[in-house]
Amino acid sequence: MRWFWYASPQTFYPLAGKLAVAGGLAAAVLAVVGLYVGLLVAPTDAQQGEAYRIIFIHVPAAWMSMFIYVVMAFWAGLGLAFNTRLSGMMASALAPTGALFTFIALWTGALWGRPTWGTYWVWGDARLMSELILLFLYFGFMALHASIEDPRRADRAAALLALVGVVNIPIIYYSVKWWNTLHQGASVSMTAAPKMAATMLVGMLVMALAFWAYSIAAAMLRVRSLIRERAA
Amino acid sequence: MLEARDLECERGGKVLFRHLGFALSPGETLRIAGANGSGKTSLLRILCGLLTPSAGEVLWNGARIQSLKEEYARHVLYVGHAPAVKDELTGAENLRAACVLAGLSPSAEQTRDALARFGVPVDKPVRQLSQGQRRRAALARLSVSWKAPVWLLDEPFTALDAAAADLTRTLLGEHAQRGGSVAYSTHQDAGLRDSRVIEL
Amino acid sequence: MLAAARIVVWRELLVAMRRRSDVATALLFFVIVTSLFPLGIGAEPNKLRAIAPGVIWVAALLSSMLSLGRLFAADHADGTLEQMVLGAAPLGVTAAAKAFAHWLVSGLPLVAIAPLLALQYDLDAGLYGVLALSLLLGTPVLSLVGGIGAALTLGVRGGGVLLALLVLPLYVPVLVMGAGAVEMASAGLGGQGQLLILGAMLIVAVAFAPWATAAALRISSE
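Going down the list, the protein sequences come from chains A, B and C.
Counting from 1, one number per residue, gives the positions in the first sequence under my numbering.
Counting from 1, one number per residue, gives the positions in the second sequence under my numbering.
Counting from 1, one number per residue, gives the positions in the third sequence under my numbering.
Hints are not guaranteed to be accurate.
Said to hold, decoys possible - Label pairs and their in silico Cβ distance ranges:
| no. | chain 1 | residue 1 | chain 2 | residue 2 | range |
| --- | --- | --- | --- | --- | --- |
| 1 | B | Asn61 | A | Trp123 | 28 to 36 Å |
| 2 | A | Trp107 | B | Ala159 | 27 to 35 Å |
| 3 | C | Val161 | B | Pro121 | 36 to 44 Å |
| 4 | C | Gly158 | A | Ser8 | 27 to 35 Å |
| 5 | A | Gln10 | B | His19 | 19 to 27 Å |
| 6 | A | Trp121 | C | Glu44 | 24 to 32 Å |
| 7 | C | Ala24 | A | Ser8 | 50 to 58 Å |
Claimed, not checked - A few chain C positions that, by computed beta-carbon distances, are all more than 10 Å from chain A:
| no. | residue |
| --- | --- |
| 8 | Ala5 |
| 9 | Ala16 |
| 10 | Asp22 |
| 11 | Leu36 |
| 12 | Pro90 |
| 13 | Leu104 |
| 14 | Leu119 |
| 15 | Leu136 |
| 16 | Val156 |
| 17 | Leu162 |
| 18 | Val176 |
What the hints contain is simulated information worked out from the structure, not anything from laboratory work.
Please read these numbers as outputs of a predicted model, since none were measured by experiment.
Every residue, glycine too, gets a C-beta built ideally from N, C-alpha and C.
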């Protein structure tokens with residue numbers, strides 16, 4: 001029952017503020033730890049040398065780009081099903097952060113690709129393409145929302161778009177398995193033992209948590225600003 | 001029976017009406033009156049299911065129309081502001097399409113009669129008709145839609161000459177007499193025997 | 001239900017026949033775009049042969065995006081869309097019928113004309129079949145999926161470009177598979193894999209796109 005209490009924008013507002021502060025602090029701490037592990041503790045890679053360290057930003061960013069989209073689609077679906085205003089606002093609040101991580105993933109990927117694959121970008125790679133499509137999905141979501149004047153209709157139209165686009169997420173995730181192109185196969189899976197040194201894994205996971213905490217903080221701040229805007 | 005409960009409508013940041021409730025039984029005629037911008041069109045659109053109210057619900061024989069969807073739509077005839085005719089098609093073709101989409105299947109004979117009653121040329125493309133004729137082409141649906149129990153009409157008497165207005169009044173009256181329900185919006189008194197009037 | 005679908009297709013075709021300029025525009029655009037590339041890139045046969053599948057497919061995509069704007073806009077303006085939303089048949093069926101009619105008018109002609117345009121690119125005659133088949137499978141997907149975007153952007157300012165942005169992520173896989181099929185075939189590797197995937201996309205699009213379009217139409221009708 002407590003959940004429905006918070007479904008009202010006014011009651012959620014103070015909670016969002018507390019979550020933003022908590023998220024921001026956690027993000028800062030975790031990022032410091034993660035970068036320490038990634039840059040200083042983890043060993044040099046046998047094949048790629050120091051350049052591989054960009055993985056500590058790239059992989060967590062890619063994970064977050066997909067995760068945030070799924071969460072965004074979840075809120076979108078909730079808003080469509082139950083016609084709640086706050087759900088739509090949550091989806092809108094998450095989109096820019098999701099787009100940011102997608103961009104970071106693509107950008108760091110390109111920077112990593114140069115020394116390792118010899119090129120910044122490969123058009124044929126399924127995962128790269130799907131990640132780029134994901135970026136366009138985020139942009140499309142934000143653009144559609146911005147173009148519709150009535151906030152309720154904007155929320156619902158963008159929500160539908162988000163749900164239609166969700167089909168892209170499994171494609172990105174599994175594209176590495178389905179198409180044998182340039183991207184390396186999954187090194188971290190839920191079932192098999194990871195194929196990388198424990199410290200590298202720890203570094204990536206800590207950075208992922210840091211990004212997650214940051215996303216919560218950013219989304220909460222944005223939701224608060226949306227609540228203020230719509231209440232006016 | 002069509003029932004509205006505790007309806008609230010918010011458009012463009014303004015609340016047009018709230019806590020609006022009423023029931024429309026078979027044989028009743030409801031007039032929705034109000035100034036421009038008071039929410040007459042919005043209320044009719046809420047009643048036919050095109051618009052979702054910000055609060056409250058509309059029930060058809062006890063069930064929410066949002067859940068009924070086509071089940072309810074089959075029982076409704078809605079004539080909105082726009083005449084819902086395609087410029088490139090003739091009056092007859094337009095009427096036929098409208099009827100089939102509404103689940104009716106009148107014979108060619110009946111469609112021609114309906115159009116003739118309203119004085120609409122049957123085989124001319126609507127593009128070539130005057131505004132008044134277009135409006136009448138849209139209203140010609142009334143002649144063939146006796147099966148739909150609920151008629152929701154948005155300002156049906158606008159831009160009609162006396163003859164067409166009389167014909168429309170007759171058709172609405174006939175529909176109520178057969179046991180149908182009619183809800184229509186208008187600026188001024190249209191000369192119908194209304195069971196109820198709502199002022200927005 | 002079928003009667004409603006039939007009447008929608010019938011009405012769309014009638015309107016298209018009486019408004020031939022709209023139909024011709026899409027086809028003409030396709031022809032112009034494919035004809036411009038050899039002029040711009042230079043007529044070296046090997047280069048043209050290599051880019052032919054991609055260029056023809058991109059032109060088909062752009063032409064589809066161009067004609068999507070018309071899919072629901074006129075209906076929205078003259079009130080016929082509302083009547084479809086309030087129709088006796090499920091809105092998904094009506095939306096599918098609209099997409100089908102759109103494909104008949106804007107997609108199928110492209111399939112027919114593509115081999116002719118491929119002549120300009122000196123594409124191997126043996127590849128015409130794969131090209132036509134890839135377009136035959138892919139263009140309906142474009143119409144179906146594009147319908148979702150068209151429905152979402154009804155009456156919205158910046159419509160055309162916004163529509164392109166929205167459908168682009170959904171169009172890209174079709175483009176990749178379609179052009180890929182012809183490229184694979186030209187490399188002697190058959191291209192069946194891509195064609196099968198296109199077929200699967202078509203099935204998924206037929207199953208899901210109409211309902212998404214219907215939901216979008218309801219949202220846009222409010």
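| message | Hints numbered earlier in the text: which of these fail when held up against the supplied structure? | response | Those not satisfied are hints 1, 2, 16, 17 and 18.
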